[in-house]
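**Q** Take a look at the letters that make up each chain.
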Amino acid sequence: MSTSTTSAPPGTQDPPPARAAPRRGGRAAARTGWRRALRRDWQLYSLAILPLLFFLVFRYLPMIGNVIAFRRFEPGGSMFGEEWVGLRYVQMFLNDPTFWQVFRNTLWIGGLTLLFCFPIPIVLALLLNEVRRRSLKRFVQSVSYLPHFLSIVIVAGITMQMLAGDGPVNHALGLLGHEPIRFIQEPEWFRTLYVGSEIWQTAGWGTILYLAALTTIDEDLYEAARIDGANRWQQIWHVTLPGIRPTMMTLLILNVGTFMAVGFEKVLLLYNPLTYPTADVISTYVYRSGVESNSFSYAAAIGLFEAIIGLVLITSANQLSRRTVGTSLW
Amino acid sequence: MVKPSRSYRVFQGVNGVVLTLVVLVTLYPFVNILARSFSGERQIRAGEVTLLPKGFNLTTYEIVFQDSMFWRNYGNTVLYTVVATAVAMVLTTCYAYVLSKKNLKGRGVLVGIAVFTMFFTGGLIPNYILVTSLGLKNSVWAIALPNAISVFNLLVMKAFFENLPAELEEAAQIDGLSTYGTLLRIVLPLSKAVMATMVLFYSVSFWNSWFSAFLYMDRTDLMPVTVYLRNLIQGATGGGNAGAGTEQLSQVGANIQSVTIVLTALPILCVYPFVQRYFVSGVMLGAVKG
Amino acid sequence: MKNARQLSRRQILAAAGFVGLATLTGCGSGDEGGDGKDLSKKQDGAMKDYRAGQQFKAAKPLSFSVLHNNNPVYPMKNDWLFWKELTKRTGVTLKPVDVPLADYEKKRSVLIGAGDAPFLIPKTYHPSEVAFVSSGAVLPVSDYVELMPNFRDKVRKWKLEPELDSIRQSDGKYYLLPGLHEKAKAGYSLSFRTDVLDKHGLTLPTSWDEVYDVLKALKEEYPGKYPLTDRWSTNTPFPCGALFSYLGQAFGVRAGWSYDNISFDHKAQKYVFTGAQDAYRQMVEYLRKLVADKLMDPESFSQTDDQAVQKLLAEKSYAMSANPQVLVQEYRYNLEKQVEGATIEMVPVPLGPAGPVVLGGSRLENGVMVSSKALKSDSFVAMMQFVDWLWYSDEGQKLSRWGVEGVTYTRSAGQYRLKPGISLMGSDPDAPKDMQKDFGFYNGVFAYGGSWELVSSMFSPDEKRFQDAMAQRRQLPIDPAHPLQSFEQEQATLWDTPLKDTVIQNTLQFVLGKRPLSQWNAYLAELKAKNMQQLVDLHNKAYERFKKENG
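Protein chains in written order, with the numbering used here: chain A, 1 to 330; chain B, 331 to 620; chain C, 621 to 1171.
Heads up, a few of these hints could be off.
Claimed, not checked - In silico SDA-like cross-links for lysine to any residue, where the CA-CA straight-line distance does not exceed 25 Å:
id : chain 1 : residue 1 : chain 2 : residue 2
1  : C       : LYS704    : B       : LYS432
2  : C       : LYS845    : A       : GLY81
3  : C       : LYS1148   : C       : TYR842
4  : C       : LYS1168   : C       : LYS845
5  : C       : LYS1134   : A       : LEU193
6  : C       : LYS727    : A       : GLN161
7  : B       : LYS432    : A       : LEU193
8  : C       : LYS727    : B       : THR594
9  : C       : LYS1039   : C       : SER1076
10 : C       : LYS1134   : A       : GLN161
11 : C       : LYS996    : A       : PHE264
12 : B       : LYS384    : C       : SER1076
13 : C       : LYS936    : C       : ASP833
Unchecked claim - Sample of chain A residues with no beta-carbon within 10 Å of chain B, all distances over it, derived:
id : residue
14 : ALA48
15 : PHE55
16 : ASN66
17 : LEU175
18 : GLY177
19 : PRO246
20 : THR324
Hints listed in this document are in silico derivations from the structure and should not be mistaken for laboratory results. Even for Gly, the Cβ is constructed at its ideal location relative to N, Cα and C.
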């Protein structure tokens, strides 16, 4: 990394969003703009050919099948459905009161997960970064990402064991003179339980990206900060955090966009009819209603609905991020 | 060097406690699983196994190891992981590099094309028909090609590339390096940490994945080990139509899940230290200088 | 012969009722039935005079593709004696498409959806075939049962028509060839620690009132423990699925795993809502009493099976739901190792207000779907005859269960006996060979249904005792056919789940005392608000329609 010593501090400078060609200026100008861009950057564009082909064939082509959200699909029949039914399936779920309940639950669980599971890996990475002994640091880190390798069945099993009537948590409560709580059966505990197990499983693994980002920070910046008399806190605040900001913002935007995608399998394993009021999310409701097997069309309509929300969310998050911190996905 | 302030020393102490806690909380279940995988069925069912194996027993390992299908499927897993990761790395790197050029005309559209696919996906059946009609079924390409770019990884990598000092590339171009040359000789060597991370992310996800193979492979000898073990767990613990009954199977039912975790997680865990090497370089440099 | 066949075809078609089809306008027209009716060109390899009880032998070598559910307990091998013997006897070679048992349904649905399915699709549980009906991807097999003399013979002999009616679709046809049982096989009941009962001078209960008394007595002996804990609560929409199922049966209602929103009131001759029945309330009250008196562990309704079994093995509880397999393999086997002198027995399902009855419908098992593509094959007739022989003839069933006489088993005085050196499901741990693993017999893909004599020949002593007792019970009449039409089905699906959720959730709340039973009427009002009446009406309409159209 010694070559980077001559560079300006990364992260602290984002190039102004100037464009090679002016946006407006008539069609002819645009055409010459493209021609110029192609002549100048054809090598770059050529690198994009294979990936674009990938997206076209393996992502966009199968997407045509989503037309069944508006057509009646019958398993074993035409892949594009049998007949147009318009917004029938969309109306079906919009008019279903249970759908809105599970929609709310999804927002709650997704929101809480984002609120806790996004910052914790950053904190953990910063803590790890402050460990001076390299062997210790490596050890802690290697151990902390082990839960990532456990299947959700196991994680759910461990959670249930911990919270059982005669499990360690209730033992501890007993020592404090508290009656045992049947956490698994109490709707008001479900979110805590879900987010807690999610943190446990993802926090360590989440640090990897930040640790990788930390390596790109120029050591000279710390040096300069120290010469300026900055203490460790100030160094973290003024050098470390700005250094990992692009990674942080990218992940934040991505997480905001995908926060509706609550872990289906985990909810399925942890919930029960008593906790449906808080635990039931869109995917589990759709699964339980057997819609998957009975009506692909209905499932596709809900899928499109979720996709639109996701797209709106990520676009807004991206705009907001560009305006406030100047980092954005596009 | 500035002497660490008092508050910083307190912080170091607290940090030590917090990290120790993290280690305990994350390590315990794993050690427990390791212990269970070597324990006797009676002790497992009675809930006696905590940190050390009780009633040492290797039956489940023996049964799994004796099955030639297990080894063949394990081989498949290695092959699929290596090929798929290689394909994914090439495509993702190319595209991420293109996207990282802020002045590139049409960049917004190119990013949009990728981001759109994070939310809008094709259904199961269209995908199956596509893979079948491309003639990819029963080959490694059925696994590697449809999953070649993870948009998440793509955008993370792009963020890293953007963060590289622009002057270096400008200098390289002035020196007459082509775009390809810049990518290969300048950008990639500077991005070892993120490349290592991406290799880790891709390989772990391909290693653990089972659904593509399950869907696109028609023969048991083409399945990866994840499908094999998934099926074994189901058979030993799910009951199924025809029950088990022998002492052996009862033992298998008791700890096949633990054995599975040990067998699938351990090899990929061994990859990690190599990846980790690239994480500390910057900090290490600082430590030496400091 | 040919004439006779066509006549019977016409009769069947009339019975099926094209009127029903006519109302189904626009709902899939992929049905090949129309041009596939003439079977004279599809006789390749078929037997001219194939009768019940006769050995099927294809006139020339044939092969059919079959979806094979690969059970890891006996992974598929190409050199199984089963394949060889099958080809030897029938001249048919099966070409299995191998699918892992875990997620079998998923792959099946994709294969059928993509038009890539093999001809024969076994191991299909009703009602999962319903999804494929309207597209015409699977064959309305009821149109072709005249090719299957053994099947018809068994249906007639064992009076299975009402059961078959229950799987008919709105066009009056059925799309699944189910496994046929002469007698219903009961599965689950309560098991008790008999040594503990003996110690305190208690006897095994025969009724639910006695169950209460026994648990109460145990509670007095062990005040700190819950005498009953239960399992089968995770991964199912209805926790304690087994317990509710056989407890409900004793009260004459469907609950637990058997729960269905709709059940038929045979007195009133119409469909009613299950979770609103008085008998259902009585069942809930009974269980509430068990929980309120701390006789039943409240965690029963949310714990994993492992947790439950651990409580039994650690002697924290003395009773739990069981089936003959887990009784032997999980409870007795482990208890014997763990607790000195422990014994555990399963009781015949205790009797309740409904008397000695079992719920109807359990004489059908999972079965075979036939892909519509098969109809285009020249050897279609031979295939149906083959299916008939393998799955429905006495000889075929004997082959898939016991294998080859003299090689895998011997038979004397009506008793089947395994050849020495062969083990079946752990019967002889020292045997070098295994019936399933090494020979491919008693494979869940091919062995189901059968006469009581054949089915019971494979029972363990425990199961035999249990099944013999249960076989004395009277079977409740089957709910009459009430198939919904495709669009109705979509609507019903959307009403069904919220209603079911409400019922199950409140059942548990009542039982656990989170909601007092005095609020039962409020609960009924909630059901009404979730379209209970509309759902019941929909099914009654379908019932009347089917009755009118099919007599």
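**Q** Examine each Cβ of chain B, and state whether all of them lie more than 10 Å from the Cβ of A:ALA48.
**A** Nearest chain B Cβ is 5 Å from A:ALA48, so the label is violated.
**Q** With a cut-off of 25 Å on the C-alpha distance, tell me whether C:LYS727 and B:THR594 pass.
**A** holds (24 Å)
**Q** Given the hint that C:LYS1134 pairs with A:GLN161, does the C-alpha gap stay at or below 25 Å?
**A** holds (23 Å)
**Q** The output says A:PRO246 does not contact chain B. Does that hold with a beta carbon cutoff of 10 Å?
**A** At about 5 Å from chain B, A:PRO246 fails to clear the 10 Å cut-off, so the statement is violated.
**Q** Can we confirm that no CB of chain B comes within 10 Å of the CB of A:PHE55?
**A** Given that some Cβ of chain B is not farther than 10 Å from that of A:PHE55, nearest at about 6 Å, it is violated.
**Q** Given the hinted pair C:LYS1039 and C:SER1076, is their alpha-carbon gap at most 25 Å?
**A** holds (18 Å)
**Q** Please settle this one: A:LEU175 was flagged as non-interface, so is its CB more than 10 Å from every CB on chain B?
**A** About 19 Å separates A:LEU175 from the closest Cβ of chain B, which puts it past 10 Å; holds.
**Q** Is it true that the CA of C:LYS845 sits at most 25 Å from the CA of A:GLY81?
**A** violated (58 Å)
**Q** CA of C:LYS936 to CA of C:ASP833, is that 25 Å or under?
**A** Holds, at roughly 19 Å.
**Q** Report holds if the minimum CB distance from A:THR324 to chain B is greater than 10 Å, and violated otherwise.
**A** Its Cβ never comes within 10 Å of chain B, the nearest being 17 Å, so this holds.
**Q** Given the hint that C:LYS996 pairs with A:PHE264, test it: the Cα-Cα distance must not exceed 25 Å.
**A** Roughly 41 Å separates the two Cα atoms, so the pair is violated.
**Q** Would the pair C:LYS1134 and A:LEU193 pass a check requiring their Cα atoms to be no farther apart than 25 Å?
**A** It holds: about 21 Å lies between the C-alpha atoms, which stays within 25 Å.
The structure is inconsistent with the numbered hints 1, 2, 3, 4, 6, 7, 11, 12, 14, 15, 16, 19, although it conforms to all the rest.
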